[in-house]
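Asks: Sequence order for the protein chains is G and D.
The working numbering applies: residue 1 is where the first sequence begins, and numbers increase by one.
The working numbering applies: residue 1 is where the second sequence begins, and numbers increase by one.
Hints may contain errors.
As the list claims (entries may be wrong) - Chain D side only, calculated, beta carbon under 7 Å to chain G, not exhaustive:
no. : residue
1   : Ala43
2   : Phe82
3   : Asp119
4   : Glu327
No lab work stands behind these hints: they were computed from the structure.
C-beta atoms are modelled at their ideal positions from N, C-alpha and C, and glycine is treated no differently.
Protein chains: 2
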Amino acid sequence: MTAFNFTLETTNGGARSGRIGTARGDIRTPAFMPVGTAGTVKAMFTDHVRATGADIVLGNTYHLMLRPTAERIAALGGLHQFMNWRRPILTDSGGFQVMSLSKLRKLTEDGVSFQSHIDGSRHMLTPERSIEIQCLLGADIQMQLDECPAIPIEHDKARASMELSLRWAERSKRAFEEKATPDQALFGIVQGANYEDLRRRSLDALMEIGFPGYSIGGLAVGEGRAEMFRVLEFTTPHMPPDKPRYLMGVGKPADIVGAVARGVDMFDCVAPTRSGRHGQAWTKAGPINIKNAAFADDAAPLDPESACPASRDYSKAYLHHLFKAGEYLGPMLLTWHNLHYYQELMAEMRSAIAAGRFADFVAGFTAATGETAV
Amino acid sequence: MTAFNFTLETTNGGARSGRIGTARGDIRTPAFMPVGTAGTVKAMFTDHVRATGADIVLGNTYHLMLRPTAERIAALGGLHQFMNWRRPILTDSGGFQVMSLSKLRKLTEDGVSFQSHIDGSRHMLTPERSIEIQCLLGADIQMQLDECPAIPIEHDKARASMELSLRWAERSKRAFEEKATPDQALFGIVQGANYEDLRRRSLDALMEIGFPGYSIGGLAVGEGRAEMFRVLEFTTPHMPPDKPRYLMGVGKPADIVGAVARGVDMFDCVAPTRSGRHGQAWTKAGPINIKNAAFADDAAPLDPESACPASRDYSKAYLHHLFKAGEYLGPMLLTWHNLHYYQELMAEMRSAIAAGRFADFVAGFTAATGETAV
Numbered sequence: 001m002t003a004f005n006f007t008l009e010t011t012n013g014g015a016r017s018g019r020i021g022t023a024r025g026d027i028r029t030p031a032f033m034p035v036g037t038a039g040t041v042k043a044m045f046t047d048h049v050r051a052t053g054a055d056i057v058l059g060n061t062y063h064l065m066l067r068p069t070a071e072r073i074a075a076l077g078g079l080h081q082f083m084n085w086r087r088p089i090l091t092d093s094g095g096f097q098v099m100s101l102s103k104l105r106k107l108t109e110d111g112v113s114f115q116s117h118i119d120g121s122r123h124m125l126t127p128e129r130s131i132e133i134q135c136l137l138g139a140d141i142q143m144q145l146d147e148c149p150a151i152p153i154e155h156d157k158a159r160a161s162m163e164l165s166l167r168w169a170e171r172s173k174r175a176f177e178e179k180a181t182p183d184q185a186l187f188g189i190v191q192g193a194n195y196e197d198l199r200r201r202s203l204d205a206l207m208e209i210g211f212p213g214y215s216i217g218g219l220a221v222g223e224g225r226a227e228m229f230r231v232l233e234f235t236t237p238h239m240p241p242d243k244p245r246y247l248m249g250v251g252k253p254a255d256i257v258g259a260v261a262r263g264v265d266m267f268d269c270v271a272p273t274r275s276g277r278h279g280q281a282w283t284k285a286g287p288i289n290i291k292n293a294a295f296a297d298d299a300a301p302l303d304p305e306s307a308c309p310a311s312r313d314y315s316k317a318y319l320h321h322l323f324k325a326g327e328y329l330g331p332m333l334l335t336w337h338n339l340h341y342y343q344e345l346m347a348e349m350r351s352a353i354a355a356g357r358f359a360d361f362v363a364g365f366t367a368a369t370g371e372t373a374v
Numbered sequence: 001m002t003a004f005n006f007t008l009e010t011t012n013g014g015a016r017s018g019r020i021g022t023a024r025g026d027i028r029t030p031a032f033m034p035v036g037t038a039g040t041v042k043a044m045f046t047d048h049v050r051a052t053g054a055d056i057v058l059g060n061t062y063h064l065m066l067r068p069t070a071e072r073i074a075a076l077g078g079l080h081q082f083m084n085w086r087r088p089i090l091t092d093s094g095g096f097q098v099m100s101l102s103k104l105r106k107l108t109e110d111g112v113s114f115q116s117h118i119d120g121s122r123h124m125l126t127p128e129r130s131i132e133i134q135c136l137l138g139a140d141i142q143m144q145l146d147e148c149p150a151i152p153i154e155h156d157k158a159r160a161s162m163e164l165s166l167r168w169a170e171r172s173k174r175a176f177e178e179k180a181t182p183d184q185a186l187f188g189i190v191q192g193a194n195y196e197d198l199r200r201r202s203l204d205a206l207m208e209i210g211f212p213g214y215s216i217g218g219l220a221v222g223e224g225r226a227e228m229f230r231v232l233e234f235t236t237p238h239m240p241p242d243k244p245r246y247l248m249g250v251g252k253p254a255d256i257v258g259a260v261a262r263g264v265d266m267f268d269c270v271a272p273t274r275s276g277r278h279g280q281a282w283t284k285a286g287p288i289n290i291k292n293a294a295f296a297d298d299a300a301p302l303d304p305e306s307a308c309p310a311s312r313d314y315s316k317a318y319l320h321h322l323f324k325a326g327e328y329l330g331p332m333l334l335t336w337h338n339l340h341y342y343q344e345l346m347a348e349m350r351s352a353i354a355a356g357r358f359a360d361f362v363a364g365f366t367a368a369t370g371e372t373a374v
């Protein structure tokens, strides 16, 4: 059984390329993880997810603990078998979505009590329970429970929240050491809002506890791209170079390109899947809305050169028609296209870093899309 | 270019197996045609439709003429290219759906005027316009415009309607001879409700006009299975043996098995796709509703022996979860499973007929599903 490991292969400026090894296969970094919220990457077959180039997908603890429940998934052989995805899975702790989706939540030192948004049932999520759930799911990479406040937030409140997350990090690690298998990994999560001193203190304390990987949480919560990049700039240079760095919940292509330039290795975001379901397609020239009347007679596919059937084998006029007619196939094709676009972007970045031409890649990306990523 | 042709290969009792040749490939009969209403077999990729064993799909003239319009599809290269399906396509005339879906419709000798159910726009469907649309779509097998009354209907009304359909058959054939390409085929449609004399008169008149194939219309409109079989029993024995016979809009598996026993070669129905979207799965032991709580912990797939990934690679518990969570993947997997079930049923019938053991097949089907098909 392969123990979790990370190999940093190349650096190019601040950007890094490497490889995470797990018992279920390697993850090439920088990596984008499609989000499989409720045990499915929405509107996608898993073999198509894999064919886009994804090495790992993400599952949401909050959704899965409520329905169909972690205990049921465990009894059915774990999340990999349940959703027919045999490669690595990363799970979040559930904390972020408890705070954004559940009802009547109450946060204490012990954890968060809340009511399900689905059926109103009462639940308690503690650091220990979150790890228990993630182990029942069988996640290869797990997250500590943390609190994730919105920005802006006052310094003393941000500090208190960050310190609570640190205490939860210790409890999470103890629970993980009891419950997890040797091939699984637990990441600590750096918090501290957009305060440099708090981010440093959070990171230093997490490194003292010791984790095989570090997440950066509490960003992409309303602070804007420039501010997010500023926080990365005073955070990543202090992170251990020999451990993977995961920027949680980020982002749009330009967010990812800019974060890779600042030394981040792993990403997840609902953007390609959610946007795809709503008719937005990313192209090499930037995003388009396929529902726009301009595409009704457009015989060209989204990308005639693509290796992805969804991008190559259907005209924009057809995709436009599918969305106008409310057909399932519209979201199916556009999600597939967008995930392929994201994975191709990651592959191009890995190649550019390996070849020592990442700055050229970024310049090309900005010129083609009009999006400033640095 | 292959001209449309039909080879009757084997008969076994009333059942027939054969092969329709078209410029876009052969159609093995008895054949089931998945319904691609608006230019897509709902929730399916065309390569999966093909992999289930489908040789041909059906497109709906009514839906396509309204959105995105036949002229637009023609400008984009025709329906095959539009929907990325390179094998044969059969289109209906639009008449049935004008009567069931449109608003403010008015039937005259000339045709049917109506308002679109989508945007209220006014249209006129005549025999000539229906053929024009089907040729713009590029359908390999086309249908004459007909009137399709519900059963029960009084004899004199059924006769008047059937005679109108005959006059429209002549006009359709003339229009087809002007507009169609030599490799396309037009079918006449036998009407006459459940009256033996009217069905015979309709068939005789159509044979006099002369068509390369004959449809049986006006069934599965509320008369029930036994009555439908009774109509087939006094209709198919008089149909020319060397031409394919298409029972329009039929049906559930037992309907199809019983109609094959009575000499029908071609079928279409929304049942496998529509039911799949609503959680019903056909299995070798009959239909089940996957939303039933009994399946929440069922680790077995729908069919562990199946060649279809949707039937084989996902537990019933997972499918249950997908439907409970309202995920796209539920309808995607169950539609795929159902279409595979239907195509496997057709393949088994073709083999049984070729081997001279169709009666055994029917007995086995009835024993396994509890459905009486003869």
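Asks: So which hints don't hold here, by number, going up?
Replies: Violated hint: only 3; rest satisfied.
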